[in-house]
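S.K.: Chain B: place on chain A using the hints.
As you go down the protein sequences, you meet chains A and B in turn.
Its first residue numbered 1, the first sequence is counted upward by one per residue in UniProt numbering.
Its first residue numbered 1, the second sequence is counted upward by one per residue in UniProt numbering.
These are computed hints drawn from the structure, not numbers from a lab.
Treat the hints with care, since some could be wrong.
Not everything, but these chain A residues come out facing chain B in the computed CB check (under 7 Å) [what the hints assert, rightly or not]: (1) 54; (2) 56; (3) 62; (4) 63; (5) 66; (6) 72; (7) 89; (8) 101; (9) 103; (10) 105; (11) 106; (12) 163.
Ideal Cβ placement from N, Cα and C applies to all residues, glycine included.
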Amino acid sequence: MNMIQAINSALDVMMARDPDVIVMGEDVGYFGGVFRATAGLQAKHGKTRVFDTPITECGIVGVAVGMGAYGLRPVPEIQFADYIYPALDQLVSEAARLRYRSAGEFIAPMTIRSPYGGGIFGGQTHSQSPEGIFTHVSGVKTVIPATPYDAKGLLIAAIEDNDPTIFFEPKRIYNGPFNGHWDRPAENWSKHPGGEVPEGYYKVPLGKANIARSGEALTIICYGTMVHVCQKVVEEAGVDAEIIDLRTLVPLDIDTIEESVKKTGRCMIVHEATRTSGFGAELSALVQERCFYHLEAPIERVTGFDTPYPHSLEWAYFPGPVRIGQALKKIMKD
Amino acid sequence: MASESPRANLKPLSLHVPEPKFRPGDAVDFTAVDIPAAGAARRPDTADEAKEFIDLAYSMVRVLDENNRAVGPWDPKLTPDTLRKMLRNMALVRAFDERMFRAQRQGKTSFYMKSLGEEAVSIGAAAALAADDMVFPSYRQQGVLISRGCPLEDMMNQIYSNSGDKLQGKQLPIMYSERRYSFFSISGNLTTQYPQAVGWAMASASKGDTRIAATWCGEGSTAEGDFHSALTFATVYRAPVIFNVVNNQWAISSFSGFAGAEATTFAARAVGYGIAGLRVDGNDALAVYAATEWAAERARTNQGPTLIEHFTYRAEGHSTSDDPSQYRSAGEPTAWPLGDPVMRLKNHLIALGEWDEERHAAQDLELAEMVKAAQKEAEKNGILGHGLHQPLDTLFDGVFEEMPWHLREQQAQMMAEEEASGRPWARKK
Chain A
1 MNMIQAINSA LDVMMARDPD VIVMGEDVGY FGGVFRATAG LQAKHGKTRV
51 FDTPITECGI VGVAVGMGAY GLRPVPEIQF ADYIYPALDQ LVSEAARLRY
101 RSAGEFIAPM TIRSPYGGGI FGGQTHSQSP EGIFTHVSGV KTVIPATPYD
151 AKGLLIAAIE DNDPTIFFEP KRIYNGPFNG HWDRPAENWS KHPGGEVPEG
201 YYKVPLGKAN IARSGEALTI ICYGTMVHVC QKVVEEAGVD AEIIDLRTLV
251 PLDIDTIEES VKKTGRCMIV HEATRTSGFG AELSALVQER CFYHLEAPIE
301 RVTGFDTPYP HSLEWAYFPG PVRIGQALKK IMKD
Chain B
1 MASESPRANL KPLSLHVPEP KFRPGDAVDF TAVDIPAAGA ARRPDTADEA
51 KEFIDLAYSM VRVLDENNRA VGPWDPKLTP DTLRKMLRNM ALVRAFDERM
101 FRAQRQGKTS FYMKSLGEEA VSIGAAAALA ADDMVFPSYR QQGVLISRGC
151 PLEDMMNQIY SNSGDKLQGK QLPIMYSERR YSFFSISGNL TTQYPQAVGW
201 AMASASKGDT RIAATWCGEG STAEGDFHSA LTFATVYRAP VIFNVVNNQW
251 AISSFSGFAG AEATTFAARA VGYGIAGLRV DGNDALAVYA ATEWAAERAR
301 TNQGPTLIEH FTYRAEGHST SDDPSQYRSA GEPTAWPLGD PVMRLKNHLI
351 ALGEWDEERH AAQDLELAEM VKAAQKEAEK NGILGHGLHQ PLDTLFDGVF
401 EEMPWHLREQ QAQMMAEEEA SGRPWARKK
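Looking at chain B on its own, in the form it has when it is part of the complex:
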């Protein structure tokens, strides 16, 4: 029977649903990942117009080569002291993560998120920014706090929601807020920090300040509307802000394809907005440093925003509540072609004759002891679940600057409830 449809000769439409290359049980082969040679990317002048170097959004800025040398125009030519400092900070983040991950597994806190494999992203950036540049981090930039000298004990107090937690136990572990270190309060709602960073940067510019802002999100959350709002605002007002997209390949169990990675790069998001876009080897601390330094100079000289995609790999689960073995091949983290950022920087320093395996092992030991000692101190202030660490009535503090009647009533109700409950922490005011 002849069809009535005017398109009867066409095949039906079909929907494309992305699928990662490897699932649990698959052998991993990353040879298809395009990794240009270190030193190959050109380095535009920071005053160049964004449209003059669109190619950099599609290639990759890399400094450290296979022989552990720093090569090419992006080599930031850092002193051995700076390199050693960065290595130490990266190793410290790793040691801190390891310890706090274990603390969560021991039931001392509810939640933790490691940044194993992507330590260079925050450490490299923090080293290139000024200490008073305002950062609007996501939840895997604890390296910025560590770089800026935040006491580990303070960070742990926050993770334990204990009596030393100056956020009064009101935030999820690792959702730090550290005004002292120009580190904005972290939100669990994704990419909300992007327009906020732009607003801060615009305020800085409108007040004639010289400080800039930097912000981070994951590749998955570039799909959020806030990301695009922020880029629009930033380009319109030429805001002095650095957008970092941490492309660690996985948004919980969704691979980067669900954020559009099959079609283009994340750095290329910048192109449509006419802002500078760079794609960097996120496991190369020198490349991250160089790109951040370059972007910071653009921002500070009123050339406007830069978007940096850090091409990296999340070697651990998304959080302590996640089991990556259920959705990706176990071989992925070790097969990742850009290697381990800590090892790469270590090997570079060794190649320079500025470091050796013995010192590295000794440093690892020292850092582990340091973290352990800080943990011991922090735990003196209590751990989550062991009773109440904050005065009970602080629960109502800070909803408003001044407490309105309805909150005062509820506060009184809560205190009466506790009085009547007979719970052990009821009387612990």
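Just chain A, with the same shape it has in the complex:
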């Protein structure tokens, strides 16, 4: 399965198991979504459980809060993560705080799916990585898978979770793992172990990172598309790096990070989002606080630049093999 099929399968499995799970969003019904992630679900589960919505993100999320309060488990789709900003108030002030402010009387168990990230010539409005905004909010979980297997298992776990969850899908790797070399042909998930996805129900727990590659020389912390890019760079550089795929940013698997950095003595953080106040800054601070006396070199951050995502120049923006490779040389020098 590719990642789209895995996500579709997770939704299908959960809708069959739980009549309270509903899917809604722009174009998700009859058509099955612009990326086809919800294809066939309406025909199978009916129009009142899978339906198109008006183009109003604050409406989509606000309605999901009300549905959650009633007892449903909505899985709204925001067509691109770039369009989540109109829904911010409903997410940040409402969904995220409902349990807290009502002392548990009302909850908002929803999973907001949204494709994020660049590398598809999507320009400024179809390429952003806004995860850092959500990790800064108390009360929201943030999940980003890197393989079809994880995408399905994490999505099922998120739907069953009683807290509001943002589920960002790295759209650059929907159809196959992307190694960062934009001019080389893309692989196919069928040739990747992460593409082996069981048909039925299984869960990948939230808050547990995956060691995508074990190594001794360096710890690379990353998630989403960057997991695959980092793997390729490490392979090309011949560095024995340990690569941690976070899977969930909140809750964060701090134990895995701490253990790895204490073992390797070096830490590099890679994400596609803009640098300043990005999630890498939080990771860097945590590693410094917990592993300072084990570090043999300063922590390296490799990120997108602090500019909007430029359409024609997106490969200059993207933290690809060259930028990561240079950082790798620098951190291994000492």
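M.R.: Same frame as chain A, now just chain B:
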């Protein structure tokens, strides 16, 4: 010198900035406010299509006339018992407000918001809704809680953030959450409750339930995007929801003109969405009841949403942090042409021979005593500012269903901090 501009003969454009008719020091004259006669508005069948009665979004449904009689097709023909119950509830809201306002002034809590002059809006609606219809209130619908029998002491505990506050002191005073009374958690962010009410109503409909939802916002916050998102969703899926816009003329110090009132009515917002819109005399408890009952029947019979504009007046400040004398004429509340909702209902009952001034005065006294007694009880659980009333570590409860490591760490840090601080409430676990 001849201008190069192709529009040299046009006057410059100018910007219109609305201004209320009266400012502090001005004499008030409300004769320009258009108030149709009681009984004049027609009452469509609840199954009629919204486009068949667009006129009702521009006129005003009124039941009680100048002679304190109930007239016209919207007269809900309530029993004297129901009318007395509504009067009592309205008077109770007023007594509660008065007491809690004073408690804030005495420093017993941080904040309070009265609904003086608009008690009919929540009491009339609550009387017409079923007790298990879900309400998504704004901050001036405490009348719904009172109508549904929520103990005053519980409400006060919340206002005092004391040990009896089941919201654990986590919410601003009056931001109640009462699942027992189908009363949704109140948010301070305006009109966010609108799409939430629609979502709840859609869920109810999709599960084949028979309960409906109702929600309230002020006229000022109809400008919020959530308002329009909610109306779009509601019309698209024909959600069983009642939208109430409480047009009390003032959004803190901004008059209704800044929400668009110079150009049209708020009920007319419904027209563009193809949903039913009614404009009612919000100081007439019978009109509010009748409109809500009608809208509830539409919702319950799958005719979809209704938007009701309650034309009323906020006789007090926005909150205890507001001083209306700084921005509006002091004469406005008394000159308001629709009168006082409590007095109007009282006079109606008296005209019916079902009430009298003596009983009213006795009831006011009884309610004041009742509120005072509840206050006394609530204050046994503490008041805001007198130390810590909740176990300190509850501060971290409920961010997530299960506490992740970073919150557990911060919780431990806070407890250690308190241990070290020597503050009097540090040891009060």
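S.K.: Compare the structure with each hint and give your call.
M.R.: Hint by hint, here is what the structure shows:
Restraint check, residue 54/A versus chain B: the minimum CB separation of about 5 Å is within 7 Å; hint holds. The criterion of a C-beta within 7 Å of any C-beta in chain B is met by residue 56/A, whose closest approach is roughly 4 Å, and the hint holds. At a threshold of 7 Å, the smallest CB-CB gap from residue 62/A to chain B is about 3 Å, leaving the interface hint in force. Annotation: interface hint on residue 63/A holds; nearest CB of chain B at approximately 3 Å, less than 7 Å.
For residue 66/A, the shortest C-beta to C-beta distance to chain B is roughly 3 Å, which falls under 7 Å, so the interface hint holds. The beta carbon of residue 72/A is positioned within 7 Å of a beta carbon in chain B (closest approach about 5 Å), and the interface hint is therefore held. For residue 89/A, the shortest C-beta to C-beta distance to chain B is roughly 6 Å, which falls under 7 Å, so the interface hint holds. Using the Cβ-Cβ criterion of 7 Å, the hint placing residue 101/A at the interface with chain B is satisfied: the shortest such distance is roughly 5 Å.
With a least beta-carbon distance of about 5 Å to chain B, the hint placing residue 103/A at the interface is held under the 7 Å criterion. Proximity of residue 105/A to chain B holds as hinted, the smallest CB-CB distance being about 4 Å (cut-off 7 Å). Taking 7 Å as the C-beta contact cut-off toward chain B, the hint placing residue 106/A at the interface holds, the least distance being around 5 Å. With its C-beta approaching chain B no nearer than about 5 Å, residue 163/A sits inside the 7 Å limit, and its interface hint holds.
Violation of the numbered hints given earlier is absent; every hint is satisfied by the structure.
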